[in-house]
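Going line by line, the protein sequences match chains A and B.
Be aware that the first sequence starts at 1, since it is given in this note's numbering, and climbs by one per residue.
Be aware that the second sequence starts at 1001, since it is given in this note's numbering, and climbs by one per residue.
Bear in mind the hints are in silico, worked out from the structure with no lab data behind them.
Careful, some of the hints might be misleading.
Computed far set for chain B versus chain A, every beta-carbon distance over 12 angstroms [what the hints assert, rightly or not]: (1) 1018; (2) 1046; (3) 1094; (4) 1156; (5) 1179.
Residues from chain A that face chain B, not an exhaustive set, calculated with beta carbons under 8 angstroms [what the hints assert, rightly or not]: (6) 26; (7) 31; (8) 86; (9) 88; (10) 90; (11) 92; (12) 107; (13) 129; (14) 190; (15) 198.
Computed from a predicted model, the values in this text were never measured in an experiment.
Glycine included, every Cβ here is placed at the ideal spot set by N, Cα and C.
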Amino acid sequence: MSNDFKTLAKDGLWNRNGVFSMMLGLCPSMAMTTSATNGFGMGMATLVVIIATSFLVSLFRKVITQEVRIAIFVVISAVMVTVVDMAMNAWLHELYKVLGLFIPLIVVNCLPMARMESFSSKQPLLPSVIDGLFTGLGFTFALTLMGAVREVIGSGTLFADASLLLGPAFKVIEMRLLPEDMGVLIMILPPGAFLVLGLLIVAKRLIDQRSERRAQQASAVPSLA
Amino acid sequence: MKEMLLMMVSAALVNNVLLARFLGLCPFMGVTSRIDTAAGMGLATTFVMTFSAMMDWTVQHYLLEAYDLGFLRIVTFILVIASTVQFSEMVIRKVSPSLFRMLGIYLPLITTNCAVLGVALLVVDAKMGFLASILFAFASALGFSLVMIIFAGLRERLVLAQVPGLFSGAPIALIVASLLAMAFMGFSGIGTI
């Protein structure tokens, strides 16, 4: 069983990472990655929605019939998004103002929908929640990475305003890596989003290719000996 | 009149839904491999976006605000959009079977197009009037269709280009989209609102 969870974790975080391999949830991952903090906040909001919807759909999987499932998935995720929207408005108001339109738009994010359709509507409670957790973490990882790359090149900072948006405890991770006027503005503007995502997908393919080659070499050695 | 026109130019070109607001990227990456499918998707989206903005505006003003049900906004809007899509599917099938055959599977897909929900929410958040909302949604949808068709044209040529193996498929398309977004940045400053 623990082996299953390891596969779920590896799949969710890397092999079928929502953004880098499946190209799902592109809108928030482009719009909300002008800084690492925004990306992290957006990722966490989506993570909560994915876990909650996976939990609910898995709980009710026996009563949801095939014909009406899409409508039920949509309503379930709309309700959970409303809850997250209100909770963020109350407790993380600064972050809520930055993310703005993209919190309600989690409803039409394909990622929670894809997990409901292909996983949690068929699986028991625990694996569904674990799968939701790792899919969400993979999404958060992708958004934070994209945000970090764009922020470092674009404005020379990393996790700027984290204390303002996420709470004073995050003051320690704010840093400035490049001097004030070294930033390349285009990376923060819309074209930078497309460019960074394109290059990060190439980087992921490169890493996959390397590890595949290493695995082949490792399996080739014993057969020679 | 002049204000309305400037608002429409701004919605279609300057703050283009795809390249500046990042709404509706799934069909942008998904159905732009050929020009005719991209045009079909653009046409269907234009219809749904305009119509659902109209419906959502009415629901927001006469139902949600009148009865203080603002917290139900997300659930209501998504249901309104889903039924609009269903309704337009029935209308198009009755009125023009040839158009229906052309749009095919793209119609149901529009429900999950975040540009439709996004524009409806933008209209409500900006507290626009009824006419302004419809024009804003229509202009946004025109901008959406324009970029879909341009991008499909670029991708049709891209298939013939020799691309390094690692870049083939999605990455090179994203980089082309980046260049297109740069071109559209040239519109910034026209008719800002």
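| said: Output the indices of the hints that this structure fails to meet, ascending. | reply: Those not satisfied are hints 1, 5, 9, 10, 11, 13.
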